[in-house]
Every structure is written in C-alpha cells, then in structure tokens.
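K.L.:
Next come the chains, spelled out residue by residue.
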Amino acid sequence: MLTGTIGEWALRLLLPAIASSICVHAAAAKTGSPGWRRRSRQVAWLPFALAAVASAALICLLVREDWAYAYVAEYTGSGLPLIYRIAAFWGGNAGSLLFWVLMLTLYAAVVAQAHHEDSERMLPLVSLILALMTAFYALVVNVVANPFARLPHPAEAGNGLNPLLQHPGMTVHPVNVYLGYIGFSVPFAYAMAGLWLRRTDSVWLTVTRRWTLVSWLFLSIGIVYGAHWSYEELGWGGYWAWDPVENASLLPWLTATAFLHSAIVQERRGMLKAWNIVLITLTYLLTLLGTFLTRSGVLWSIHAFANGPLGIWFAAFVGVATAASAALIAVRWRTLRADRSFEAVVSKETGFMLNNVLFLGSTFAVLWGTVYPLVSEWAGQPMVVGPPFYNKVNLPLAVCILLLMGIGPMVAWRRSSAPAVGRTVLYPMLISTGFGLALSGWLEHQYHHQSALGTAGLVAAVFVLWTVGQEFVQAVRARVRLTGESWPLSLVRLVSRHRRRYGGYIVHLGVAVMAIGIAGSGVFHVDLEQQLRVGQTSAPVAGYQATFAGMGVEQGPGTRRLYANLVIRRDGQVLGLLRPAATFYSDGQQPTTDVALYSRPLRDLYVVMIGTSQGESAVFDFHVNPLVQWIWWGGYLFIAGTIVSLWPERRQLAQATWPAAAVLAPVTTAVDGSDAADLYAQWAELEYDHLAGKVPPDMYRRQRDELIMRIRAMDAASIDLRTSLESEVEAAVQEVRSRAAPPEAGDAALGWGGGRS
Amino acid sequence: MGERLGPPTRGQVRCSRVAKVVVFACAAAASTALAAPPPRALAGAGVEVTREQVMLVPAPVVRKVEVLQVLTVSNRGPAASDLTVSVPAGASAVRAAVSRAGTGGNVAAPARSVSVAHGRIRLTNAVQAGASATVTVTYTVPFTSSDGAGIVLHLDYPVDMAYLYIPVGRFALSAPGLQLTTQTVTLSGLRFRVFSRPAVPAGSDWPVDVEVLPDAGPGATGADVKGLPVIGTDDTGRANSAQALGNLALAAFIFALGLVGVRRASRPTAGRPATTAEALYRSWEQVERLRAAGVLDETDYQRRREQLKQRLVAMRLAETREDA
Chain A
1 MLTGTIGEWA
11 LRLLLPAIAS
21 SICVHAAAAK
31 TGSPGWRRRS
41 RQVAWLPFAL
51 AAVASAALIC
61 LLVREDWAYA
71 YVAEYTGSGL
81 PLIYRIAAFW
91 GGNAGSLLFW
101 VLMLTLYAAV
111 VAQAHHEDSE
121 RMLPLVSLIL
131 ALMTAFYALV
141 VNVVANPFAR
151 LPHPAEAGNG
161 LNPLLQHPGM
171 TVHPVNVYLG
181 YIGFSVPFAY
191 AMAGLWLRRT
201 DSVWLTVTRR
211 WTLVSWLFLS
221 IGIVYGAHWS
231 YEELGWGGYW
241 AWDPVENASL
251 LPWLTATAFL
261 HSAIVQERRG
271 MLKAWNIVLI
281 TLTYLLTLLG
291 TFLTRSGVLW
301 SIHAFANGPL
311 GIWFAAFVGV
321 ATAASAALIA
331 VRWRTLRADR
341 SFEAVVSKET
351 GFMLNNVLFL
361 GSTFAVLWGT
371 VYPLVSEWAG
381 QPMVVGPPFY
391 NKVNLPLAVC
401 ILLLMGIGPM
411 VAWRRSSAPA
421 VGRTVLYPML
431 ISTGFGLALS
441 GWLEHQYHHQ
451 SALGTAGLVA
461 AVFVLWTVGQ
471 EFVQAVRARV
481 RLTGESWPLS
491 LVRLVSRHRR
501 RYGGYIVHLG
511 VAVMAIGIAG
521 SGVFHVDLEQ
531 QLRVGQTSAP
541 VAGYQATFAG
551 MGVEQGPGTR
561 RLYANLVIRR
571 DGQVLGLLRP
581 AATFYSDGQQ
591 PTTDVALYSR
601 PLRDLYVVMI
611 GTSQGESAVF
621 DFHVNPLVQW
631 IWWGGYLFIA
641 GTIVSLWPER
651 RQLAQATWPA
661 AAVLAPVTTA
671 VDGSDAADLY
681 AQWAELEYDH
691 LAGKVPPDMY
701 RRQRDELIMR
711 IRAMDAASID
721 LRTSLESEVE
731 AAVQEVRSRA
741 APPEAGDAAL
751 GWGGGRS
Chain B
1 MGERLGPPTR
11 GQVRCSRVAK
21 VVVFACAAAA
31 STALAAPPPR
41 ALAGAGVEVT
51 REQVMLVPAP
61 VVRKVEVLQV
71 LTVSNRGPAA
81 SDLTVSVPAG
91 ASAVRAAVSR
101 AGTGGNVAAP
111 ARSVSVAHGR
121 IRLTNAVQAG
131 ASATVTVTYT
141 VPFTSSDGAG
151 IVLHLDYPVD
161 MAYLYIPVGR
171 FALSAPGLQL
181 TTQTVTLSGL
191 RFRVFSRPAV
201 PAGSDWPVDV
211 EVLPDAGPGA
221 TGADVKGLPV
231 IGTDDTGRAN
241 SAQALGNLAL
251 AAFIFALGLV
261 GVRRASRPTA
271 GRPATTAEAL
281 YRSWEQVERL
291 RAAGVLDETD
301 YQRRREQLKQ
311 RLVAMRLAET
321 REDA
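Residue numbers (this note's numbering), protein chains in the order written: chain A, 1 to 757; chain B, 1 to 324.
In short, the hints are calculated from the structure, not lab data.
We put the CB at the ideal spot given by N, CA and C, even for glycine.
Some hints could be false.
Only part of the chain B face toward chain A is listed, based on derived beta-carbon distances under 8 Å [claimed, not checked]: (1) E48; (2) W284; (3) R316.
Build the full structure now, drawing on both the sequences and the hints.
P.N.:
As structure tokens, this is what we get:
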C-alpha cells in the first residue's frame, strides 16, 4: 500500500512541478539571463524524477499483483509471466499515459542539458514548449486516467492480460510506437522555437537529426512488430488490414520519412525551409491525431482502447496544437524563404522533392480513408473504407517511391542532366527488369496468380537492390583508388566515416527486401478453407497437403487448449505435424485461435482451425504466403541501417577526408557546423559524384571552381571579421589600462560601448 | 416536363436549396419516427430487483440450455405492483412463481395470476407496497449455434447485483459487464462458477453466450502420429518470454544509443576551441553573422556582443597581470 501511496503522491506533485518549471523556462526565455538559464536546465530534471518515482511504483504494484488498484487488477492475473506484468505498465490506457509522461519528461531533461549553436536563446523556449506538452499529459493522468485509482474492495484475482496481447511482438509494439510518437515532440519543439526566434536556418535540423531518426526508428519497429503480431496472432492470414489504428501509426511515419529526406536538402542546400517546418508540424499533429483515434474510441479497432472520456481531452489538445502552430507558421512565413532556388530540373534536390510529394500523396490518401467513416457518419450516411481503396491508391505510389529510391543515388546534387541520369540508370534498369520478371514468372508458375502491379513492385525492388549495391561497389572502388586500402577495410571505413549516408542506403536495402516480401505475399498468396474428417487429406495448396490425424486436449490453469494434429506433406514427402489450436478460458474471456505456422524462406504454411464438430471433423483455413519472411528480414536490415546512421561518430572536418584540403591549405578555419564546413561537405560530395560518374566533367569543373571561390571568399571574410574583433578588444584593453594608470589618467571603470555598424 | 427558358435566378436556386433541406429534414424525421421502437410501458415506480440469479445448465445431448432465474424484488412504491419478466426468444416450458415476504416476516403466497404472452411473463399484483418478493422463472432455450446458445436477458427494473451460474467443466460463458473475479459454489452436488455484474440498468438487453467446449471426441490423437516431429514456430511459454525479453532489450539498446548519440552530438567536443578566448571569439563572430542575417534584434545583439567583449577584455587584462 505504501508503494501505491508514494506513486500517487509523486503523480500529484507532478502538476505543481511542471507548473513551476513552465514559469522558470518562461523567465529564462524572456530575460535570457545566465542565472535563469541555469535554473531552467536544473528544473527540467524535477518532473522527470517525479514521473520516474510514479512509474517505478506502478511497476512494483504490477509485479507484486496488488489487486487493490483497478489498473493492476485489470491488466494482471495469476500465472502471468513477469515480462508481461512489466509490459502491463504500457499495456493499458492509464499506465501508457504515465509512460508517456515519463518519456516526455526524460526527453525534456536531456534536451535542456544540450549545448549547441544559439542554445542560449533556443533551449529555454524548447523546454517551455516541451513542458507545456507534458502539462497536458500530467493533467490527464491526474484527472481522467489515474493508474493509482483504488478499488472499493481489493479484487480477489486479476483480470489478466488479454491472451491476444501475450505475444513477444505485442510486448514491445506499443512501447515502440509510443517512443516514436513522443520523440517527434522534440524536433517539433525546436522547429517552433526556431520559428519564434526567426532562426529558420538548418541549426534546428542539425540539432534534432538524431531525435528525429530515433523516433522514426521506434515508430518503424512498432509498425513492423504490430504487423508481425497481427500475422501470428490474429489468425486471418495477413499482416496489414488497414485498420484505423494501424493507419494512425503509419500516417506520422509517412510524413516523418518525407521530412528525413527533405531535411537533407535544407542542411546541404538551404532549401525547403518552409516545407520542413510544415512536415515536422504535420508529423507531430498526426501523432496527436493517432493518439486521439486510439484512445477516444471514435473508431473501432482491435488495437484501440475501450471508449473512454479521453477523446474530448485529446480532441481539444489537437485543436490547440494545430491552431498555435499554424498561427506561428503564418506569422513567420517570410522568414522561411529558401537561401537559394533549384538550379536544374534534374538534380538530387528535385528527386527529394518528388519523393516528398509521393509520400504526402500517400499520407493524404490514408488519412482520408481513415477519417472517412467519421465524416460520412456526421453526414448521416455511415460508410467504411476497405483495403481495396488503400491498396489501389498506395501500391502504385509505393512502386514510384521504390523507383525513385533506385534512381536517387545516381543523381548528382545541384545539377545533372537527363541524358547523364539515363545513361547511369539504363543498365541497372535493364538488369533489374530481367531479374524482376524472372522472379515474378517463377512466382506465377508456383502460385498461378498474375498481377502487373505486383510484377512492377518486384522489378522496382530489385532495381533498388541493384543500384544501392552498385553505389557501395563504386564508392569502395573510388576509395581503394584514393587510399590503396584493401576492399573489406575500405568498405568498413567507408561506412564508418559516412554513417548517415551508408546507414541510409542499408535502410533502402531493407525497404527493398520488405517490398519483395509484400509483393510476393500480397499478390501470390493462396488459401483454402476445407472441412476434414479424421483421416481425410486436404486438397493440395501450393504443393502442401494436410492429413487430419485427430485431435487432442491440453488442460492448463484456467484454460483448455484443443488442438488438431495435421500431418503435413509437400510433394509427397512427409514434413511433420502442425498443430493449429483453439484455447478456451474458464473466466469468461472469448476463446482464441492459435495459428500453426511453418515458416520457410520462400513461403509460409499458415493453418488456422476455425471450427470443430464432436471431435470427428474440423474446419481448417490453409494459407500459403510466399516470401512473407522477407518482410521481417527486411525489417531487421532496416533497423540495422538506422542503427548505423545513429551510431555516435567522431566529428571530423570534411576536408580531412578528401584531397580538397590540400588545395586550400593552410586556410583551415572551418569548424564543424559552420557555413565553410558545409561548403567543404558539398565539395566532398561533388568529388564523390564525379568519381562515381554522376556529373559530366565540364559540369564538375565548373562547380568545383565555384565552390573553391566561395570557400576562399568565406575564409577571407572570416579572417577580416576576426581581425576587426581582435582590434576592438585590443582597443578596449588599452582604454582600461589607460584609465587604470595613476590618478591623473582617470578611473578604472570600463567604459567602452557601441556596436559594429 | 416544362420547357427550360433560361438559367434559374439566384432566388430560385436559394428556394430550391431550402426546399431540398426541408424535404430532407422531413424525410429524416419520418424515417427516425418509423424506425424508433414502439413505446413501452414504464416499469412500476419504486420496484427494483435487489438480486438477480440466473443458473444456466447446458444439456448438449438434447442441444438445450435449462435456465433458472430467481429475482429478489422489492417495492418501495405506495401501492402493490405487477411484475413483468421477459424471457428470451425461443424459450419454451416457461414457468413462474412468486413467494412474497411481508413487512412482519416472510409470508409465502402465490401470485394472483401468471400470464405468458409475446415472450413476457406478467405476474399480477406480485409485490405489495413496502414489501419484497422472490420471483422464480424457469424455461428452456434451444442451442442457437452448433455448440451453444445466445440468450438475451431483459428486465424492466434496475438490478442491484446480477449473478450468472454455469457448471464448472465443459462449458464457457461470456457476457458484457462482468466483474473481474469469479467464485465457485456447489449446489445439489454440482459445482458452479459464479459470474457477477453490478448495477444492470432498467430496460437494458444483456446478451449472454453459453458455449460447450469442444472435446477431442472419438478422433483423439492416435498412435499414427507418434514419432513425427512437430514443425512450425515454437509457441511455448519459455520461447515466448525469451522473445519478448529480446525485443525489449533491443528497444532499450536503441533508446540508450539514441540518448548517448544525442548527448555526444550536443556536446561541443570535436571542433571545440582550444582556448576559452577562441571560444568567445567564435561566439562573437556567430553573433555578428546572426545580426547580419537579421535573426538577432538590435537590443539582443548589443547585449550579447557587450557580454562577450567584456569577457574577452577581462581575460586579456588578467593575462597581462599574470605576465607582469
């Protein structure tokens, strides 16, 4: 009971703690004084400490199964493994909101300790925005969804976690999605703070790049785990049903993916400023919309929490956040002008822009399909939108995005030409078309299905694999030529020194592998529903046959598991027994089906027992899903690539990697993150593109000369500025000395003033 | 059909729109009225059910469920009241009886009359003013699916606490609003699992599903599958927990990696100026650039450059003193 009381008080104290931190952050932002800024950094830890105490208390109650608390009684029960008792922390509505508060306060505390360019002005504002967000969630967990609410009388037993949720994927699916959702608060807060301060250059992007990447990775893992859970647990043979809550997690992922790409353009070229602000705002608002849809109960979904009073709270928060961010963007619109415009129709920048348009097109299609049931209900004609709508709109867009993923790496920054791109793309495209058609033909032969879109998807995915592979080979070859290293060492060093770029390429490989899995399983899957009597053999399904050998019962604590023994054969050869089952619960819960899954690299045999009759016959649902495992493997590759991008690296000057530094020596005043360093990075990129044959020689020389000229001019300006500042300091020092001299020389008061004009 | 003489005027368009709205509204109102359920007589004022006990005994061989419903009813109203109890659709062998309890003690007495019509049992003058009574209703419902029956319980009176009894063993029960915990009791040598639900609203439908758990039956696994390996994913509890732990570890690793990366990236390590003076000069240069870019307003610019300049001058003076 003491643990619960401590947690309850920590939760109550959270509100005044956040209120006081809001005041401190506001004072620091307004005065800009070092004292308030220091207090702003310190006070950021207080809400986190309280949230951590409350969370630890709740986890203790869950682990101990203290059924005096409604939340514990609802989500734990006798026999629930420890890992699921801990996972119950974020398994329910109130607990997950406390988890949300914990993570948001931790992020806010970490952000407040940062040091970066202009952090003196930006951080208090960022902390203020994050504290305002936290205040909302803290209010909700205190007022509407308190995880420490007690039952009038302690329950004798817990309700137990829904058996469908006792799955390894489901343990972390919600936590990953939440971490993704919460993480986007940080780049959004930075974007708004930058906008308020008119700091719309790429500082906020550079500072928040890791936050965005981590959040995006968590959201991606959450989506993939969710699909995996759906596939293995729900027993319908698929992994993505375009369910409203699935869509709610996909929507911010789509805009965040677009943002990750367009942010590169702003960092490199100072373009798409307004676009990036709008994208990150949209991403944040879509995370709020997703939370609203999941927790309000306005749309039915297997993933959603039951109807509750939270809907109106979240609707209000979405409204306020939308209005405030839209107003700030409108007021500061003029500061969002790009530093330069597109130089050519064919360039990497335009490729990124096109990619963004496709992602946004997909976002709006999914958003419209998701909210259409609500809109139509308000209009008086309730209608639902099914998977065919989503597939029809999104699959062609996905194929186009894949093609762009393949073409993108072959296009140079700033300026390229259609013939040059055509030349570099021609052979990879021809080879990929050959491989893709062969794969599609093999699948058609095996599963007797045809689809032009599926074939196009396979060709596009193979194209991505080929071009990304080629990119690795070309870069390693160029490095070997420059450094004389061995190929493996060169590959390791290449990836290690350009983690962002090559991590991104590994992610592209992962996406291509997943696309092959999605095209294979989506287009070529085969299913059969058949009633079998004991001893009877099923019709062949893609080479598999099952003989129903009988049934068995396993009695567990509070459960009764009825399973069927199916002897599986493929091409006449016995493989073994598959045991689809159904579990019945003595405590009134709905029975669940247990899928029997035989996974091989090229296909999954997926069997569900959907009914029995007196133990003599049973109805089975057989599915053969080709290449579905590739989706999960692609997911792992995707995670690995993002981890490579995220891996902390030693920060280096771009010129250290390329011979360009030798040309300009001894002028090496560029520091990381400065404009000169950006120019060096552009130069390095140009050299790389030149070596890879993406830029024609004349264009390369022209751009190189221009960059050298700009670097020299910038360095000269830097030297002038430094000289001028040093003279000013020297003059002031002389003035102080002269005043500090004997009485006739005057007083020692410091009296300089005036600014540079 | 009249001949169209020209484009409609703005007034005509407006009238047409108004007419459409009116017609739509009338149609909506009419359809709502037609679709609405017929008015139902209100339950007797002051009558409430303090306890409802429903025993459900499935008989799979004859594919029926025997139902015994016992209601403890109290009447706080000023006059004796009739009682109406709904029985589920398809119910047969319906019987009902009332035993009344007076204010001075339990006095069993039959109701004056019991009538059954249209799925409703009417017990005339069943409960006296200020008294309570026990109503017992029995009936049988057939299986509505291959393995069970769906029954909808309905009372016109509010129920303080409802209990559902089902024999422990081969039967499963599901119904909305049940409490988290269940108990077991033995009645006439038969063990029942007791589910409970507090505060059932008056006039609400309460669907209850009773299901016979399937049996392995005569097709139970024989010796012909012995020796064959069980293929397919390992779904045992241990494998499940291990995978869950692995997934959590991965999430924790990414989280830690992200935080470490963020911390390291936000520390001015690489490219860090060798001296404090160099750092101050760089900050000052940055202030000048921000001002030139129009990001800093004049007051902020002056304040920041003065701070930096003062610190640089102070450092220079301190260095001079040390040298001296």
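K.L.:
Hint by hint, which ones does the structure fall short of?
P.N.:
1
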